[in-house]
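J.: Listed below are the residues making up each chain.
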Amino acid sequence: MPYLDMQGITRLYPENGVLANDHVDFSVERNEIHAVVGENGAGKTTLMKILYGLERPDEGRILLDGREADLHSPLDAHRLGIGMVHQHFRLIPEFTIAENVVLGVEPRRRGVFFDREGAVSDVRAVIEEYGFTIDPGLRVSRLTVGQMQLVEIIKILYRRADLLILDEPTSVLTEQQIHKLFDTLRSLRDIGKTIIIITHKLGEVKAISQRVTVMRKGQVVAVRDTAAVDERELSRLMVGKSVSFAFEREPVPRGRAVLELQGVVLLQKGQDHPLLDHVDLSVHAGEIVGVAGVSGNGLAELEDVVTGLRRVSEGRILHDGRDITRLDARHLRRHGLAYVPADRLHRGSSLQSSVMENMIIAAHHDFLKGGVFRRQEVEDFARRLKEGFSIDGDPRVPIGTLSGGNIQKVILSRELASKTDFIIFSEPTWGLDVASSEFIYSRILEIRKEGNAVLLISSNLDEIMGLADTLVVMYRGRVVARLENGPGVSKELVGEYMLGLRDDFEGEPR
Amino acid sequence: MRRRKPLGELFAGATGLALTLGIAFAIAVLLIFTLSRRPMNTIYYFFVGPFTNKYYFGNMLNTSIPLVFTGLGIAVAFKSSVFNLGGEGQVYSGALVGTAICLALPAAGGYLGGAAALAGALATGAVLAGLSGFFRMKWGTDELISSFLISAAVIFIVNYFITGPLDDPGNNLLATRAIGEQYRLLGIFPPSKLDVSAVFSLLAAGLVFFLMYYTHWGYEMRMCGLNREFSRYGGINVSAYIVLPMILSGALHGLAGGVAILGTYHMAVKEFSGGMGWNGIAVALIAKNHPLGVVPAAVFFAYLDAGAKAAMLHSDVTFEIAAVVQSVIFYLVTAQALYSAVRRRAGAPA
Numbered sequence: 000m001p002y003l004d005m006q007g008i009t010r011l012y013p014e015n016g017v018l019a020n021d022h023v024d025f026s027v028e029r030n031e032i033h034a035v036v037g038e039n040g041a042g043k044t045t046l047m048k049i050l051y052g053l054e055r056p057d058e059g060r061i062l063l064d065g066r067e068a069d070l071h072s073p074l075d076a077h078r079l080g081i082g083m084v085h086q087h088f089r090l091i092p093e094f095t096i097a098e099n100v101v102l103g104v105e106p107r108r109r110g111v112f113f114d115r116e117g118a119v120s121d122v123r124a125v126i127e128e129y130g131f132t133i134d135p136g137l138r139v140s141r142l143t144v145g146q147m148q149l150v151e152i153i154k155i156l157y158r159r160a161d162l163l164i165l166d167e168p169t170s171v172l173t174e175q176q177i178h179k180l181f182d183t184l185r186s187l188r189d190i191g192k193t194i195i196i197i198t199h200k201l202g203e204v205k206a207i208s209q210r211v212t213v214m215r216k217g218q219v220v221a222v223r224d225t226a227a228v229d230e231r232e233l234s235r236l237m238v239g240k241s242v243s244f245a246f247e248r249e250p251v252p253r254g255r256a257v258l259e260l261q262g263v264v265l266l267q268k269g270q271d272h273p274l275l276d277h278v279d280l281s282v283h284a285g286e287i288v289g290v291a292g293v294s295g296n297g298l299a300e301l302e303d304v305v306t307g308l309r310r311v312s313e314g315r316i317l318h319d320g321r322d323i324t325r326l327d328a329r330h331l332r333r334h335g336l337a338y339v340p341a342d343r344l345h346r347g348s349s350l351q352s353s354v355m356e357n358m359i360i361a362a363h364h365d366f367l368k369g370g371v372f373r374r375q376e377v378e379d380f381a382r383r384l385k386e387g388f389s390i391d392g393d394p395r396v397p398i399g400t401l402s403g404g405n406i407q408k409v410i411l412s413r414e415l416a417s418k419t420d421f422i423i424f425s426e427p428t429w430g431l432d433v434a435s436s437e438f439i440y441s442r443i444l445e446i447r448k449e450g451n452a453v454l455l456i457s458s459n460l461d462e463i464m465g466l467a468d469t470l471v472v473m474y475r476g477r478v479v480a481r482l483e484n485g486p487g488v489s490k491e492l493v494g495e496y497m498l499g500l501r502d503d504f505e506g507e508p509r
Numbered sequence: 000m001r002r003r004k005p006l007g008e009l010f011a012g013a014t015g016l017a018l019t020l021g022i023a024f025a026i027a028v029l030l031i032f033t034l035s036r037r038p039m040n041t042i043y044y045f046f047v048g049p050f051t052n053k054y055y056f057g058n059m060l061n062t063s064i065p066l067v068f069t070g071l072g073i074a075v076a077f078k079s080s081v082f083n084l085g086g087e088g089q090v091y092s093g094a095l096v097g098t099a100i101c102l103a104l105p106a107a108g109g110y111l112g113g114a115a116a117l118a119g120a121l122a123t124g125a126v127l128a129g130l131s132g133f134f135r136m137k138w139g140t141d142e143l144i145s146s147f148l149i150s151a152a153v154i155f156i157v158n159y160f161i162t163g164p165l166d167d168p169g170n171n172l173l174a175t176r177a178i179g180e181q182y183r184l185l186g187i188f189p190p191s192k193l194d195v196s197a198v199f200s201l202l203a204a205g206l207v208f209f210l211m212y213y214t215h216w217g218y219e220m221r222m223c224g225l226n227r228e229f230s231r232y233g234g235i236n237v238s239a240y241i242v243l244p245m246i247l248s249g250a251l252h253g254l255a256g257g258v259a260i261l262g263t264y265h266m267a268v269k270e271f272s273g274g275m276g277w278n279g280i281a282v283a284l285i286a287k288n289h290p291l292g293v294v295p296a297a298v299f300f301a302y303l304d305a306g307a308k309a310a311m312l313h314s315d316v317t318f319e320i321a322a323v324v325q326s327v328i329f330y331l332v333t334a335q336a337l338y339s340a341v342r343r344r345a346g347a348p349a
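Chains as they are written, first to last, in numbering that gives the first Met the number 0: chain A, 0 to 509; chain B, 0 to 349.
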């Protein structure tokens with residue numbers, strides 16, 4: 000009998016109609032380190048949130064030690080001995096390690112007063128019990144990321160957890176820190192703990208786990224003994240077979256280089272490797288360049304840098320040969336920047352403002368007469384966009400009341416209305432239904448046909464393989480592949496580059 | 000520019016406000032019954048007093064005038080998500096500069112001199128608040144703190160001028176000399192102190208409303224207030240919209256001080272404007288930062304004030320009791336305004 004047995008777990012997000020978990024069966028033996036792998040949006044995190052009581056499944060049940068577990072909140076999970084280390088640390092930097100660890104279950108004196116000495120000695124006892132070496136009196140703000148992660152682990156051990164869930168624990172760590180973490184995890188397993196580790200990195204799966212569950216599009220596609228599977232096969236299982244694409248890319252003559260990045264570097268304090276590492280990229284008129292990568296490998300940073308929302312540390316960005324490196328979004332808009340952002344709810348729209356007000360954000364200067372808006376023109380413009388993109392809903396209502404697909408159409412209509420020769424799309428169909436996605440794909444191909452340069456940043460491989468003329472793959476902030484899209488380029492190959500399994504790309508191939 | 004009637008925002012939640020008002024008045028009546036020996040008399044003067052004669056009524060409206068200006072100043076800032084807590088100092092220094100200009104000018108030229116005084120008052124407030132905005136843009140200093148601190152310091156500087164260099168020795172008050180007759184604003188409702196600046200305040204509310212909802216600057220300010228990231232993405236100069244709303248807010252506060260001098264007080268008396276700045280925040284809260292809502296909110300505030308004064312004069316309530324009743328009503332109304340603001344924020348689709 001498995002230690003943990005999740006049966007037929009189903010979870011539908013009604014807001015966007017995404018079936019995050021589709022009758023998932025997932026089981027873990029006592030005393031094993033079990034890896035869960037899958038692309039972004041495969042449903043790993045949802046499954047773990049259900050196990051940790053953060054979300055309720057629509058269907059299915061969870062057996063722990065053979066008994067049905069009723070998980071309504073993380074408190075229930077703690078009671079049953081389940082602890083979770085989130086991808087983003089949940090620590091208070093101004094507090095000491097001991098204060099962070101006991102937060103929520105503080106030892107008290109006479110029922111009301113926080114027992115600081117008690118907290119320190121309790122936490123020290125836990126640290127010694129598990130053979131760690133760290134001073135519980137240190138302030139968290141002074142720790143390294145590796146140490147912060149250890150604090151998160153101590154936090155769940157302090158609560159006497161037997162089942163530890165780690166969500167992408169290595170994404171912020173250096174090589175040495177990862178080794179140290181793995182040593183810790185192994186010793187925890189040896190003393191009887193059970194560990195579930197979510198990761199994108201296949202090398203780590205091989206290094207640490209006994210078994211691995213592969214998820215894709217909300218379903219479990221394989222459960223394997225790690226020793227009996229190689230990284231290529233895991234990669235193939237993760238990305239799946241290519242889906243045939245409904246659109247034909249007509250050949251379009253490739254024009255001048257419209258957007259160029261030359262040796263762009265982006266550094267951040269506290270990070271030892273650059274977020275963008277000498278990125279070279281060019282997008283020509285009539286060309287769609289698709290940038291693929293697993294999240295956390297520089298895609299979001301690339302988006303910010305080319306749209307002027309973040310300053311590069313080194314390197315140059317050119318538009319039609321003119322240097323635009325130091326211009327911010329405001330100036331780039333004047334150069335004709337059109338940009339559909341990945342974060343469409345905060346960056347792409349102002350939810351409390353009307354659809355109309357959202358539509359004119361970039362072009363509102365065109366509707367002025369002496370600083371006052373010409374209402375009729377604004378309304379005509381809004382009606383044109385609404386009809387042209389079949390957007391449901393009155394342009395006067397707050398955009399936050401529309402569905403995700405309609406919000407994206409508003410953003411798209413607005414960005415395409417600007418006079419431009421290059422446009423940036425980031426995750427244009429993320430979370431959208433099939434009909435909305437296809438609508439957006441057909442628009443992207445139209446823009447290309449009109450001879451514009453398109454930069455498409457996406458973690459959805461099917462989308463990139465279906466649309467892009469040139470594929471660029473990013474891994475750890477570097478461009479690791481630049482491929483002409485064609486029959487010779489398989490999804491498996493791109494997947495291997497994305498996951499860092501191949502590193503044979505050197506410089507410009509032209 | 001937007002066909003969803005901006006006025007609609009004003010009336011949304013009016014029923015909620017009416018309910019709160021009802022409860023507030025009920026509690027006030029209850030308090031008066033326990034604290035006053037002639038409760039019916041007190042209640043009459045408290046609630047009806049301000050309407051019993053032209054003098055009370057006019058003075059009530061007159062009290063609301065600076066509150067309209069300061070309320071507008073706060074509404075403009077809050078709509079743009081910047082915080083101006085320096086209203087007190089901006090009003091007070093605006094009043095001082097307005098007075099000083101009137102005193103310095105040659106006796107001739109009434110209209111022009113008055114206009115110059117108001118312009119000076121406006122500029123003083125604008126500079127003081129603008130400084131905080133500028134510091135925020137330049138060094139990231141929190142404008143909420145810096146505007147408060149600058150204002151607190153400026154109050155002492157103004158006190159120095161009123162009690163020192165500009166003090167009128169021929170007068171027992173801690174005050175400057177009175178400004179010339181020719182600069183004083185025309186009374187329009189004798190025997191009360193109500194003057195033409197009532198019209199100015201209505202004009203100001205209309206102008207601010209037009210600015211916020213019909214012009215390019217208002218649109219950019221509101222967009223920055225609602226979502227700065229979106230505004231930056233859309234190509235708006237977001238750092239300018241930290242400074243600009245502060246300048247505008249300060250200008251309206253300075254104007255409040257200038258108008259109070261030219262219309263009502265005719266001389267800068269030490270600490271005469273105390274409360275005008277803070278009460279502006281309350282007025283803006285009640286009005287939910289809507290420029291046109293500021294006018295009734297300011298009148299309501301002035302009404303509470305006038306009622307308390309009338310009850311003190313004609314019945315047995317002391318200043319303390321009047322203040323307690325006044326604050327109960329006021330707290331309930333602001334709590335309601337705050338509550339719906341919080342609910343709006345929390346209920347916003349994520």
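None of these hints come from the bench; they were simulated from the model.
Each residue gets a CB set at the ideal place from its N, CA and C atoms; glycine is no exception.
Warning: the hint list may mix true and false statements.
[Unchecked claim] Ranges of calculated distance between the beta carbons of each label pair, as one might list FRET restraints:
#: 1; chain 1: B; residue 1: G139; chain 2: A; residue 2: V144; range: 21 to 31 Å
#: 2; chain 1: A; residue 1: R159; chain 2: B; residue 2: F155; range: 39 to 49 Å
#: 3; chain 1: B; residue 1: S80; chain 2: A; residue 2: A227; range: 51 to 61 Å
#: 4; chain 1: A; residue 1: R107; chain 2: B; residue 2: D315; range: 44 to 54 Å
#: 5; chain 1: B; residue 1: A152; chain 2: A; residue 2: F131; range: 49 to 59 Å
J.: Take a look at whether the Cβ-Cβ distance between B/G139 and A/V144 falls inside 21 to 31 Å.
T.: holds (25 Å)
J.: Does the Cβ pair A/R107, B/D315 satisfy 44 to 54 Å?
T.: The hinted range 44 to 54 Å holds for A/R107 and B/D315, with Cβ atoms some 52 Å apart.
J.: Okay, A/R159 versus B/F155 on CB: inside 39 to 49 Å?
T.: Because 60 Å falls outside the window, the suggested range is violated.
J.: Starting from the hint 49 to 59 Å, judge whether the C-beta atoms of B/A152 and A/F131 obey it.
T.: Distance hint for B/A152, A/F131 holds at roughly 52 Å.
J.: Holds or violated: the 51 to 61 Å window for the beta-carbon distance between B/S80 and A/A227?
T.: For A/A227 against B/S80, whose Cβ atoms are near 58 Å apart, the range 51 to 61 Å holds.
Hint violations for this structure: number 2 only, all remaining hints satisfied.
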